[in-house]
Amino acid sequence: MTSLTEMTIAGLRDGFRKGDFSAREVAEAYITRMEGARALNAFVVETPDHAIAAADAADRARSDGQLQPLSGVPLGIKDLFATRGVQTTAASKILEGFTPVYESTVTAKLFAAGAGMLGKLNLDQFAMGSSNETSAFGNVVSPWRRANDDAPLAPGGSSGGSSSAVAAGLVAGATGTDTGGSIRQPAAFTGIAGIKPTYGRASRWGIIAFASSLDQAGPMARDVRDCAILLKEMCGFDPKDSTSLDIPVPDFEAALSGDLRGKRVGIPREYRVDGMPAEIEKLWEQGAAWLKAAGAEIVDVSLPHTHHALPTYYIVAPAEASSNLARYDGVRYGLRVLPDNGGLDDMYAQTRAAGFGYEVKRRIMIGTYVLSAGYYDAYYLKAQKVRALIARDFEQAWEKCDVLLAPTAPSAAFALGEKTADPISMYLNDVFTVPASLAGLPAMSVPAGLDSAGLPLGLQIIGKPLDEEGVLNASYALERAAGFTARPEKWW
Amino acid sequence: MSIDDATVKRIATLARIALSPDEVSAVGTELNNILHWVEQLQQVDTTDVAPMTAVIPNRLRLREDIVNDGNMRDDVLANAPQAEHGFFAVPKVIE
Chain E
1357 MTSLTEMTIA GLRDGFRKGD FSAREVAEAY ITRMEGARAL NAFVVETPDH
1407 AIAAADAADR ARSDGQLQPL SGVPLGIKDL FATRGVQTTA ASKILEGFTP
1457 VYESTVTAKL FAAGAGMLGK LNLDQFAMGS SNETSAFGNV VSPWRRANDD
1507 APLAPGGSSG GSSSAVAAGL VAGATGTDTG GSIRQPAAFT GIAGIKPTYG
1557 RASRWGIIAF ASSLDQAGPM ARDVRDCAIL LKEMCGFDPK DSTSLDIPVP
1607 DFEAALSGDL RGKRVGIPRE YRVDGMPAEI EKLWEQGAAW LKAAGAEIVD
1657 VSLPHTHHAL PTYYIVAPAE ASSNLARYDG VRYGLRVLPD NGGLDDMYAQ
1707 TRAAGFGYEV KRRIMIGTYV LSAGYYDAYY LKAQKVRALI ARDFEQAWEK
1757 CDVLLAPTAP SAAFALGEKT ADPISMYLND VFTVPASLAG LPAMSVPAGL
1807 DSAGLPLGLQ IIGKPLDEEG VLNASYALER AAGFTARPEK WW
Chain W
39 MSIDDATVKR IATLARIALS PDEVSAVGTE LNNILHWVEQ LQQVDTTDVA
89 PMTAVIPNRL RLREDIVNDG NMRDDVLANA PQAEHGFFAV PKVIE
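Which chain is which? The protein sequence lines are E and W, in order.
Under our numbering, the residue at position 488 of the first sequence is numbered 1844, and the numbers go up by one with no gaps.
Under our numbering, the residue at position 56 of the second sequence is numbered 94, and the numbers go up by one with no gaps.
Rather than coming from a laboratory, the hints here were simulated on the basis of the structure.
Hints are supplied without guarantee of correctness; some may be wrong.
[Said to hold, decoys possible] Within a straight-line C-alpha distance of at most 27 Å, the following computed BS3-like cross-link-like pairs (lysine-lysine) qualify:
1) K1465/E x K47/W
2) K1619/E x K1717/E
3) K130/W x K47/W
4) K1465/E x K1756/E
5) K1717/E x K1756/E
6) K1596/E x K1619/E
7) K1374/E x K47/W
8) K130/W x K1648/E
9) K1820/E x K1619/E
[What the hints assert, rightly or not] Chain E stretches covered by chain W per the calculated footprint, using a threshold of three residues with CB under 8 Å from any CB of chain W:
10) 1498–1511
11) 1544–1556
[Said to hold, decoys possible] Quick list of simulated restraints, FRET-style, between CB atoms:
12) V114/W x D1405/E: 44 to 50 Å
13) A1842/E x L52/W: 31 to 37 Å
14) H74/W x A1649/E: 26 to 32 Å
15) E1774/E x E77/W: 24 to 30 Å
16) Q1422/E x L52/W: 51 to 57 Å
17) E1641/E x L52/W: 46 to 52 Å
18) F125/W x S1658/E: 57 to 63 Å
19) E1755/E x A92/W: 19 to 25 Å
20) N1504/E x Q120/W: 40 to 46 Å
21) S58/W x A1649/E: 31 to 37 Å
22) D1370/E x S58/W: 41 to 47 Å
23) A1777/E x E102/W: 50 to 56 Å
24) Q1752/E x K47/W: 33 to 39 Å
These numbers were taken from a predicted model, which means no experiment stands behind them.
Beta carbons: idealized from backbone N, C-alpha and C, even for Gly.
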């Protein structure tokens, strides 16, 4: 039998139901695996007790005939989701020690569905980053390495703890959040699958806010089916989130046929950017051929405002962040730094100087500037107008196709430290993921191949609003054709 | 548009983030680079384009105007750096 930590969520679910093993055995196998992988620094906090309690509940539920959809499945939770009684930090010193007295809607739903939590996963601080190098609790290291090279690689970001933990088999699946690519880019870097649903599908309640008009939770797992299983439990209407969509959640797993007959797949020509490695270009063409073989018609489409997406994002997201992060003031929760004889204003400024990491401060200040008197129209309003044009590009593309196919990232994983000196070169890593975020569209990354150094490369499917089923099914077709089975060799 | 040290200090004050003198010049250079990069948006013709307000059309819901939550003072104060007599405590404010 395959070892328990190598099984997919679907395999765990089905094997547990059949009685092949107990949930307790699964949880214990994962806890051992997690505890042996601290070199990856994927977890901020480990919560083996939570996983064991959920497993024992699952074992009881099985004997009582009360099984839940995720009974016996241990997950990792990105440390951006508030978890009752378990420290929740957003990987920032400003929230170190913060122990929520409430549960985020998404984690509450996952736990109600029977899942257990192995721990809280590291991330870029306040989800601001593309390499997991802005965490106050240290870099996460990817389990992957280049052939004949021990240089530690970035697991992507911001959901870098999630991607590293799933790729290394420390968790069966994980939650992520995506603001500009924070699920898809790390999934691509680590050879796993990840989907960001339509904005409004999953509740934002209890998720520490970065940029509220963009933030969306989604699953990261070993394959498309596992993502579909987790996504169903994560989505659903929540009156506590004013942007939550009050619509039924489909059975996403049932949409996976791999049959794309009658579907049109658009290839957005503006995604062919300068300096993209030939290997990625080739994989993209291969992906189109795979989808064609699955029955789809391939069509050329244009998204003319694509190259304006990144600058738009780097106005809108920092602006929203500067507003959202105003709440960290040293009064109600988190860090307080009060200089001797200091007043309230000194306390605010010193608390925020000491508590926020450098990238967070930089983005708050950009956001403050673009929203400040005299600059609001030139920057923020202008960006929201360009954002409307980017969304319109997609609407026009949907007249010609059902889904879009593109690479997920313009490169394979880079080494830690390689891009930290120049913020803009780091920002450019999100060039293919940000447009769909700005338009609120569902989008998924699936592993599709290895580059010449032996590192995973991902392909991305972007879909129409609320068509997660179409996105998942096209991704499933890609996954089946790619037959990606590579796993990182254990060195940790 | 170029940001000078005085502007950096003004932004930092607005954002309530204390900066050391060294940080002021470093932040200024970076903000200038980033703002110069986003400047390219000015070339996009947005005449008659309405700014985006919602990515997915959704009607803002109103709930019944009734009390449906509360009585959780201790929970609210549980993570406060300093709480006294059932309130958040802050340094003395004298105008």
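A quick look at each hint next to the structure:
1. K1465/E x K47/W: The given pair, whose Cα atoms are some 45 Å apart, is violated under the 27 Å limit.
2. K1619/E x K1717/E: Roughly 45 Å separates the two Cα atoms, so the pair is violated.
3. K130/W x K47/W: With a Cα-Cα distance of about 25 Å, the restraint between K130/W and K47/W holds, given a limit of 27 Å.
4. K1465/E x K1756/E: 37 Å, violated
5. K1717/E x K1756/E: Between K1717/E and K1756/E the Cα gap is close to 43 Å, so the pair fails against 27 Å, i.e. violated.
6. K1596/E x K1619/E: 36 Å, violated
7. K1374/E x K47/W: 65 Å, violated
8. K130/W x K1648/E: 70 Å, violated
9. K1820/E x K1619/E: 13 Å, holds
10. 1498–1511: Check failed, 0 qualifying residues.
11. 1544–1556: holds (count 3)
12. V114/W x D1405/E: 44 to 50 Å: Once the Cβ atoms are compared, 26 Å apart, the range 44 to 50 Å for D1405/E and V114/W is violated.
13. A1842/E x L52/W: 31 to 37 Å: 49 Å, violated
14. H74/W x A1649/E: 26 to 32 Å: 46 Å, violated
15. E1774/E x E77/W: 24 to 30 Å: Distance hint for E1774/E, E77/W holds at roughly 27 Å.
16. Q1422/E x L52/W: 51 to 57 Å: 55 Å, holds
17. E1641/E x L52/W: 46 to 52 Å: Given about 49 Å between the Cβ atoms, the range holds.
18. F125/W x S1658/E: 57 to 63 Å: 59 Å, holds
19. E1755/E x A92/W: 19 to 25 Å: 22 Å, holds
20. N1504/E x Q120/W: 40 to 46 Å: At 55 Å between Cβs, range violated.
21. S58/W x A1649/E: 31 to 37 Å: Violated: the Cβ-Cβ distance is about 60 Å, outside 31 to 37 Å.
22. D1370/E x S58/W: 41 to 47 Å: Given range 41 to 47 Å: violated, Cβ gap about 58 Å.
23. A1777/E x E102/W: 50 to 56 Å: This hint holds: roughly 54 Å between Cβ atoms.
24. Q1752/E x K47/W: 33 to 39 Å: 45 Å, violated
Hints 1, 2, 4, 5, 6, 7, 8, 10, 12, 13, 14, 20, 21, 22, 24 from the list above are not met by this structure, while the remaining hints are.
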